[in-house]
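Taking the hints into account, I'd like the entire structure generated from these sequences.
Chains as they are written, first to last, in the numbering used here: chain A, 8 to 110; chain B, 35 to 298.
These aren't lab readings, by the way, just hints derived from the structure by calculation.
In this text, all values refer to a predicted model and were calculated from it rather than measured experimentally.
Note that CB positions come from ideal geometry on N, CA and C, so glycine has one too.
No false leads were mixed into what you were given.
FRET-style restraints, in silico, Cβ to Cβ:
1) Gly160/B x Leu107/A: 28 to 36 Å
2) Leu105/A x Gly79/B: 26 to 34 Å
3) Asp65/A x Glu217/B: 16 to 24 Å
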Amino acid sequence: MVPFHYLNYLLLLGALLFTVGVIGVIWRRNALLALMSIELMLNAANLTLLTFARAHHDMRGHALAFLVIAVAAAEAAIGLAIVVGVFRNRRSTNLDDLNLMKY
Amino acid sequence: MNATGTMALLSGLAAPAVEVVAGDQISFPLGPRVIFWLLCLLTLGGAIVTITRKNLIGAVMAMVATFFGIAGLYAMLFAHFLAAIQVLVYAGGIMVLFVFVIMVLNREESEPWVVRSPITRALGMGALVYLMVRLGQLLWAAGPKADGPAGYLTFKPEPPPADFGTIAGMGSLFFTDYLFPFEAISILLVIAVIGAVVLARSTVARATSIYDVPEGEIDQRQPQHVAQDQLEGISLHGDQVPAAAAAADDHGGAHGGGAHGGGH
Numbered sequence: 008m009v010p011f012h013y014l015n016y017l018l019l020l021g022a023l024l025f026t027v028g029v030i031g032v033i034w035r036r037n038a039l040l041a042l043m044s045i046e047l048m049l050n051a052a053n054l055t056l057l058t059f060a061r062a063h064h065d066m067r068g069h070a071l072a073f074l075v076i077a078v079a080a081a082e083a084a085i086g087l088a089i090v091v092g093v094f095r096n097r098r099s100t101n102l103d104d105l106n107l108m109k110y
Numbered sequence: 035m036n037a038t039g040t041m042a043l044l045s046g047l048a049a050p051a052v053e054v055v056a057g058d059q060i061s062f063p064l065g066p067r068v069i070f071w072l073l074c075l076l077t078l079g080g081a082i083v084t085i086t087r088k089n090l091i092g093a094v095m096a097m098v099a100t101f102f103g104i105a106g107l108y109a110m111l112f113a114h115f116l117a118a119i120q121v122l123v124y125a126g127g128i129m130v131l132f133v134f135v136i137m138v139l140n141r142e143e144s145e146p147w148v149v150r151s152p153i154t155r156a157l158g159m160g161a162l163v164y165l166m167v168r169l170g171q172l173l174w175a176a177g178p179k180a181d182g183p184a185g186y187l188t189f190k191p192e193p194p195p196a197d198f199g200t201i202a203g204m205g206s207l208f209f210t211d212y213l214f215p216f217e218a219i220s221i222l223l224v225i226a227v228i229g230a231v232v233l234a235r236s237t238v239a240r241a242t243s244i245y246d247v248p249e250g251e252i253d254q255r256q257p258q259h260v261a262q263d264q265l266e267g268i269s270l271h272g273d274q275v276p277a278a279a280a281a282a283d284d285h286g287g288a289h290g291g292g293a294h295g296g297g298h
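As structure tokens, this is what we get:
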């Protein structure tokens with residue numbers, strides 16, 4: 008139902024969402040916000056997949072997007088468990104405090 | 035403002051969005067166009083608000099708005115099943131999980147934003163602008179173009195068939211060509227659940243467990259015998275007047291024996 012010549016704008020939106028996600032991962036120090044920005048990047052990729060699926064009338068883009076959603080859910084759960092574990096040991100969610108492997 | 039005018043306006047907003055290609059003109063009804071731009075604004079605005087929030091719950095709420103915008107865009111792309119899954123899994127599952135964890139780790143950030151020297155910031159911003167421009171250029175060139183003949187002909191501008199984006203279509207893909215990824219995703223989700231439980235498990239050793247009772251001690255507890263004089267003041271009927279209780283004291287022996295017998 009998107010006008011066909013608007014699909015370019017959807018691809019552009021996907022690119023912008025991905026960049027916003029990258030900014031969020033680099034710029035913010037909180038581990039939870041970094042995880043949220045990773046989810047944003049995954050959603051941008053999903054949007055691009057579905058746009059091309061609409062353009063080619065191919066449902067394999069939908070299948071891959073579905074798998075990406077499932078993997079993102081699993082990764083968010085594990086990432087949050089890791090954040091909880093790190094917080095228990097170091098009492099901080101600041102990514103700058105995780106510097107044990109620094110030179 | 036008659037009824038027919040309102041109904042015409044509403045049906046224009048909800049019109050089946052069919053493009054009318056007449057020559058070079060592509061006309062599209064106004065309603066879906068407005069909704070498309072509103073959804074794009076919601077999505078991008080929600081994303082930018084998410085990464086600029088100091089309050090984590092505010093960031094989660096903005097993220098939920100972003101996901102709803104994306105789900106709306108999926109529905110406009112004929113991906114109805116994935117729009118529902120997006121709302122259910124992302125907005126309804128993953129974000130709720132984030133809210134739980136934020137409630138557990140209730141810490142304010144001292145310095146939420148990374149601050150570097152001006153040169154590094156300028157370089158970083160330049161790199162990000164370059165990323166945005168380049169990614170946008172690449173994806174724009176790969177997308178359908180209204181005026182370029184080659185790009186326009188490779189993609190299919192007409193609406194897809196009726197079973198596109200439905201659960202049946204997805205199922206017919208997942209159980210034939212993509213059966214292995216489907217089963218592998220199931221195993222991955224089980225591993226993720228077990229991993230999350232193991233990682234977030236409490237590491238404090240339990241104090242006692244009902245299975246830790248040593249041998250021979252289970253039935254060694256004796257019932258406590260209350261002394262006779264402690265039973266004298268106990269009245270089994272709580273609303274007795276003191277006069278009646280005083281009268282009952284004369285029969286203290288009989289009552290005490292009865293209460294004692296009832297104590298076993």
